[in-house]
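> Fit chain B to the supplied structure of chain A, relying on the hints for placement.
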Amino acid sequence: EDQVTQSPEALRLQEGESSSLNCSYTVSGLRGLFWYRQDPGKGPEFLFTLYSAGEEKEKERLKATLTKKESFLHITAPKPEDSATYLCAVRTDNYGQNFVFGPGTRLSVLP
Amino acid sequence: DAMVIQNPRYQVTQFGKPVTLSCSQTLNHNVMYWYQQKSSQAPKLLFHYYDKDFNNEADTPDNFQSRRPNTSFCFLDIRSPGLGDAAMYLCATSRQGGGQPQHFGDGTRLSIL
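Line order of the protein sequences matches chains A and B.
Just so we're aligned: the first sequence equals residues 16 to 126 in the working numbering.
Just so we're aligned: the second sequence equals residues 8 to 120 in the working numbering.
Treat the hints loosely; a few may be bogus.
With a straight-line Cα cutoff of 30 angstroms, these simulated DSS-like cross-link-like pairs (lysine-lysine) come out [said to hold, decoys possible]: (1) A/K84 x A/K72; (2) B/K59 x B/K24; (3) A/K94 x A/K72; (4) A/K78 x A/K94; (5) B/K45 x A/K84; (6) B/K24 x A/K57; (7) B/K24 x B/K51; (8) B/K45 x A/K74; (9) A/K78 x B/K59; (10) A/K83 x B/K51; (11) B/K24 x B/K45; (12) A/K72 x A/K57; (13) A/K94 x B/K59; (14) A/K74 x A/K84; (15) A/K94 x A/K84; (16) B/K59 x A/K57; (17) A/K74 x A/K57; (18) B/K59 x B/K45; (19) A/K78 x A/K57; (20) B/K45 x A/K94; (21) A/K94 x A/K57; (22) B/K51 x A/K72; (23) A/K94 x A/K74; (24) A/K72 x A/K83; (25) B/K51 x A/K74; (26) B/K45 x A/K78; (27) B/K51 x A/K84; (28) A/K57 x B/K51.
Chain B stretches covered by chain A per the calculated footprint, using a threshold of three residues with CB under 8 angstroms from any CB of chain A [as the list claims (entries may be wrong)]: (29) 42 to 55; (30) 107 to 119.
These stretches of chain A come out as covered by chain B in the derived footprint (C-beta under 8 angstroms, 3 or more residues) [what the hints assert, rightly or not]: (31) 45 to 51; (32) 75 to 88.
In short, the hints are calculated from the structure, not lab data.
Glycine included, C-beta positions come from ideal geometry on N, C-alpha and C.
Next comes chain A alone, as it looks inside the complex (with noise of 0.2 angstroms):
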């Protein structure tokens, strides 16, 4: 059975104090890994798209890495406004169309 798992549950920086998120996968023939941004009563916002282990994608201060068995979601310098829940969600052989969703990281950044 494919499965995505998430940590740190839950995550405080202060503003400018980098750091990281793991998204951790077991599932065969990887689609595509993605991940989210989802703010309280929104929907996700998606970010990136990592296909292959090596690949990199980068946008603002955040930063996605992905390996053969994991994917990183780096955060450099964040601010206040990157506080957010954070979802990963793998496509896989198994499910066709469908999403695999991890259970998220919320991170709080601290003025």
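Just chain B now, kept in the frame of chain A:
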């Protein structure tokens, strides 16, 4: 901007009173999804349409049904809402193809009195 729009943003209904949530998209994506999300949990897939082909998740209660009259619109019907159905309902779309991302609307927050 192309987007996924859900109406209403907030819906209050009474226990047992049928309710319909709607979703429209301007992305022209052929796959549409309905998710249920409860507080501090990941979204849980209820069903999806691949064009007009309806796919129900095995654990989706019979109380939940869906309609997709055309490419742009999709509806979620809850026939007899119970207290446990209070949640955020998210609609998403994607192009077909294994590596395509899903694009989400901002959801409908459903409350049951």
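> Each of the hints needs a verdict: does it hold here or not?
Evaluated hints:
1. About 17 angstroms separates the Cα atoms of A/K84 and A/K72, which keeps this hinted pair within 30 angstroms; it holds.
2. For the given pair, B/K59 sits about 27 angstroms from B/K24 by alpha-carbon distance, which is consistent with the 30 angstroms threshold.
3. About 20 angstroms separates the Cα atoms of A/K94 and A/K72, which keeps this hinted pair within 30 angstroms; it holds.
4. With a CA separation close to 15 angstroms, the supplied pair A/K78 and A/K94 stays within the 30 angstroms bound.
5. About 28 angstroms separates the Cα atoms of B/K45 and A/K84, which keeps this hinted pair within 30 angstroms; it holds.
6. About 25 angstroms separates the Cα atoms of B/K24 and A/K57, which keeps this hinted pair within 30 angstroms; it holds.
7. For the hint pairing B/K24 with B/K51, the CA-to-CA distance comes to about 23 angstroms; that is within 30 angstroms, so the pair holds.
8. At most 30 angstroms may separate the alpha-carbon atoms for a hinted pair to count; B/K45 and A/K74 meet this at roughly 29 angstroms.
9. Distance restraint check for A/K78 and B/K59: the Cα-Cα separation of roughly 37 angstroms exceeds the 30 angstroms cut-off, and the hinted pair is therefore not satisfied.
10. Of the supplied pair hints, the one linking A/K83 and B/K51 holds, its CA atoms being roughly 25 angstroms apart against a limit of 30 angstroms.
11. The straight-line distance between the Cα atoms of B/K24 and B/K45 is roughly 20 angstroms, inside the 30 angstroms bound, and the hint therefore holds.
12. Of the pairs offered as hints, the one joining A/K72 and A/K57 holds, with about 24 angstroms between alpha carbons and a cut-off of 30 angstroms not exceeded.
13. Proximity of A/K94 to B/K59 is assessed by CA-CA distance (about 43 angstroms); at most 30 angstroms being required, the pair is judged violated.
14. This hinted pair checks out: A/K74 and A/K84 have alpha carbons roughly 22 angstroms apart, not beyond 30 angstroms.
15. For the suggested pair A/K94 and A/K84, the alpha carbons sit about 29 angstroms apart, so the restraint of at most 30 angstroms is met.
16. Our distance criterion of 30 angstroms between C-alpha atoms is met by B/K59 and A/K57, whose separation comes to about 27 angstroms.
17. At most 30 angstroms may separate the alpha-carbon atoms for a hinted pair to count; A/K74 and A/K57 meet this at roughly 20 angstroms.
18. Simply put, B/K59 and B/K45 have alpha-carbon atoms about 28 angstroms apart, close enough for the 30 angstroms limit, and the pair holds.
19. As the CA atoms of A/K78 and A/K57 are separated by approximately 23 angstroms, the hinted pair is consistent with the 30 angstroms bound.
20. Distance hint between B/K45 and A/K94 is fulfilled; the C-alpha atoms sit about 27 angstroms from each other, no more than 30 angstroms.
21. Annotation: proposed proximity of A/K94 to A/K57 holds, straight-line Cα distance about 20 angstroms (limit 30 angstroms).
22. Restraint check: the Cα-Cα separation between B/K51 and A/K72 comes to about 27 angstroms, which is no more than 30 angstroms; the hinted pair holds.
23. At roughly 14 angstroms between alpha-carbon atoms, A/K94 and A/K74 fall within 30 angstroms of each other, so this suggested pair holds.
24. For the given pair, A/K72 sits about 16 angstroms from A/K83 by alpha-carbon distance, which is consistent with the 30 angstroms threshold.
25. Between B/K51 and A/K74, the direct Cα distance comes to roughly 27 angstroms. Compliance with the 30 angstroms bound is thereby established for this hinted pair.
26. With a CA separation close to 28 angstroms, the supplied pair B/K45 and A/K78 stays within the 30 angstroms bound.
27. The straight-line distance between the Cα atoms of B/K51 and A/K84 is roughly 23 angstroms, inside the 30 angstroms bound, and the hint therefore holds.
28. Between A/K57 and B/K51 the CA atoms are separated by roughly 15 angstroms; this keeps the pair inside 30 angstroms, and the hint holds.
29. By the rule of at least three residues with a Cβ nearer than 8 angstroms to a Cβ of chain A, the coverage given for the region 42 to 55 of chain B holds, with 6 such residues.
30. With 9 residues carrying a beta carbon less than 8 angstroms from a beta carbon of chain A, the region 107 to 119 of chain B meets the three-residue requirement, and the given coverage holds.
31. Closer than 8 angstroms: that is the beta-carbon criterion, and the region 45 to 51 of chain A has 4 residues meeting it against chain B, so the requirement of 3 holds.
32. Taking a C-beta to C-beta cut-off of 8 angstroms, the region 75 to 88 of chain A contributes 0 residues in contact with chain B, too few for the three needed, and the coverage statement is violated.
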